[in-house]
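Asks: As a plain string of letters, each chain reads:
There are 2 protein chains.
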Amino acid sequence: MRVLILGGDGYLGWPTAMNLTARGHWVAVADNYLRRRLCREENVEPLFGVPNLHERCALWESVSEKQIPVFIGDLTDWEFAAEVFRVSKPDAIVHYAEQPAAPYSMLNRRAAALTLNNNLTVTANVIFAVREYCPDAHIVKLGTMGEYGTPDIDIEEGWLEVDHKGRRHKFLYPRQASSLYHTTKIMDTDLLWFYVRMWNLRVTDLMQGPVYGLFTAENENDDRLLPFFNYDEIFGTVLNRFVVQAVAGYPLTVFGKGGQTRGYINIKDSLNCVRLSLENPAQTGELRIFNQFTETFSVNELAERVTHAGNELGLNVKIQHVENPRKEAEDHYYNPKHTGLLDLGLTPHCLDDKTLEQMMRFVMRYKDRITQDQFYRQVKWA
Amino acid sequence: MRVLILGGDGYLGWPTAMNLTARGHWVAVADNYLRRRLCREENVEPLFGVPNLHERCALWESVSEKQIPVFIGDLTDWEFAAEVFRVSKPDAIVHYAEQPAAPYSMLNRRAAALTLNNNLTVTANVIFAVREYCPDAHIVKLGTMGEYGTPDIDIEEGWLEVDHKGRRHKFLYPRQASSLYHTTKIMDTDLLWFYVRMWNLRVTDLMQGPVYGLFTAENENDDRLLPFFNYDEIFGTVLNRFVVQAVAGYPLTVFGKGGQTRGYINIKDSLNCVRLSLENPAQTGELRIFNQFTETFSVNELAERVTHAGNELGLNVKIQHVENPRKEAEDHYYNPKHTGLLDLGLTPHCLDDKTLEQMMRFVMRYKDRITQDQFYRQVKWA
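Chains as they are written, first to last, in my numbering: chain A, -15 to 366; chain B, -15 to 366.
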């Protein structure tokens, strides 16, 4: 299968590119290094440097003999987007090409405007380019569990049958997000759903929970092939940040009460979910939605897991409840379904001490590179 | 009250400006003439020319002694938007400043991109400008009944209590629109709702049905003060188009079966709804939603009304069912609630022969200006 990965330099984009080529798929990647630029501007550099995308592809080719064509440019620019699609002729697109951080989207007006414009314009260009160059191609879009927010009823997998005054209608599950970034993902889904109905696109929207980890089958023996590893408040996901805080001897920063519960997923499983979605595509005219996570934890539970694993390694891990800079429910009902990807064959890697210890041992090698002021920037929601 | 009208040159913007000043409110208007430019580019000029916005305000001042400051510029440009808010210091904003036509949004990629970018960016700039310059100001936003689409259950007024597996949650009513334009209005609502929750904005979102008519208390004695009157397939609303077709001796173009049912509203009532919303503002931290229409009709029913009124005037009105260029349900359940504005005191002007005859007699004066190729451009949805 010919797969075009948009955002192929990212935390998930690059591991996905290697994973798919290792499984025999042809892959091309496009990226404009937006994530790298924003991390530099906000002074929240990842834990270790990584090669640029051309270098990464050359390294991967030297290891695997798999060639990955690289397109560097901005997918909000229609001319560039059209060229990428015209040349790569994909059977499927993995669309990661978005500003991915909730706190960044809440930083200030310019960051909000960038997030809104970048995410919506790229999604629109993907839709238009598929229509023009590959109308039968399957779009696999990274959404987020954050689209659903934390409603008081069970979260179904994308759709909800509503009974109302003796009648019934099936809707997209009503969504209400807790950051501008997550709100742009709601808008993406609305846009995709509209054009699925109008143009019979085939789309899989993956409502993913926070991802953790950095090791995959393709990079375990070669550090040069690792993904970005952000541990800061802005671009770092919570479990990755806790692991680095534990190693740094900095208390795990739990926002508010810590009862915020989310669905989490190991990066290995995230890649498998994307691959399973590609290899079992949505039908023509179908918007297929999967809830992409394997286990739910409250922030308090995550902090306890990290504390336990860290203490096993001889670290002296502390937890500190800090003022929550976000506006979110800190204690809420949360019961999201997630059977679709299991039905496709996903075998979850659950969070255990071994996984956490492997991450901690790795982070220890970069301990002197940890910048503690990244941990708690207090990007305020209100 | 100091009211800033964004899109103050439009079909509703200009009548609203006169109406509010006549009721003693201070008003400023902003516009970039986007609607005029797009009509010129697509060669669908309104039935008669209207003065520019500066000229309109000068005319209105000569009649009413009310001064209306004019800001000409593009509200997607933050510098301009900020200046307008900084100088006008509004207590309330009426936000009409969007690309308003469903068919235009489906015309081609550039028109779609313009619609998406214009509508979302202006709404975002309004939110940011309110936050920065007038955080307590009331935003009155024109939404559309089209956000709801045509679900098989009753359409409530903005919100829906969902019972699911023994639990209950109140959501924004789930929305699914039938054009890109209408989809951008869903996105607007999502954006406003997010920032209402984060920043305690006060917002009224008016889900308006198609508007018809052109006469208001302020313009009935002076044609120079009339609004745009588009009768084309792209920018003209259906009833206005039917009236012009009847006068032109061109068969009323009913798309497909004609069972498409919508909620309609006379322009007089539309202005009253906006004024009532302003004079009874939403609370701090409230997204208030009203369904803004007075009567529902199928397209067939509208065509029959126009035929009857036209024949009374001696016109020989015919109806022609043409291939539906849109992708939409042509026969569907439709039961939308609309009590909120009635509760605020709206007294509807219902559609009757007299209203239609007044419109037809007026249009007859411009019969030689009617360009019949505007009636059926067949902008295809799929």
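These are calculated hints, taken from the structure and not from any lab test. Wrong hints could be hidden among the right ones.
Identical chains blur together in the list; that is why a pair holds if it fits in one copy or across any two.
Claimed, not checked - In silico DSSO-like pairs for lysine-lysine, Cα to Cα no more than 27 Å straight-line:
1. Lys149 with Lys321
2. Lys321 with Lys154
3. Lys241 with Lys252
4. Lys351 with Lys321
5. Lys364 with Lys338
Asks: Are the hints correct? Go through all of them and say.
Replies: Going through the hints against the structure:
| no. | hint | result |
| --- | --- | --- |
| 1 | Lys149 with Lys321 | both (26 Å within a copy, 13 Å between copies) |
| 2 | Lys321 with Lys154 | both (17 Å within a copy, 20 Å between copies) |
| 3 | Lys241 with Lys252 | neither (30 Å within a copy, 52 Å between copies) |
| 4 | Lys351 with Lys321 | neither (38 Å within a copy, 61 Å between copies) |
| 5 | Lys364 with Lys338 | neither (35 Å within a copy, 57 Å between copies) |
Checked against the numbered hints above, the structure violates hints 3, 4, 5; every other hint is satisfied.
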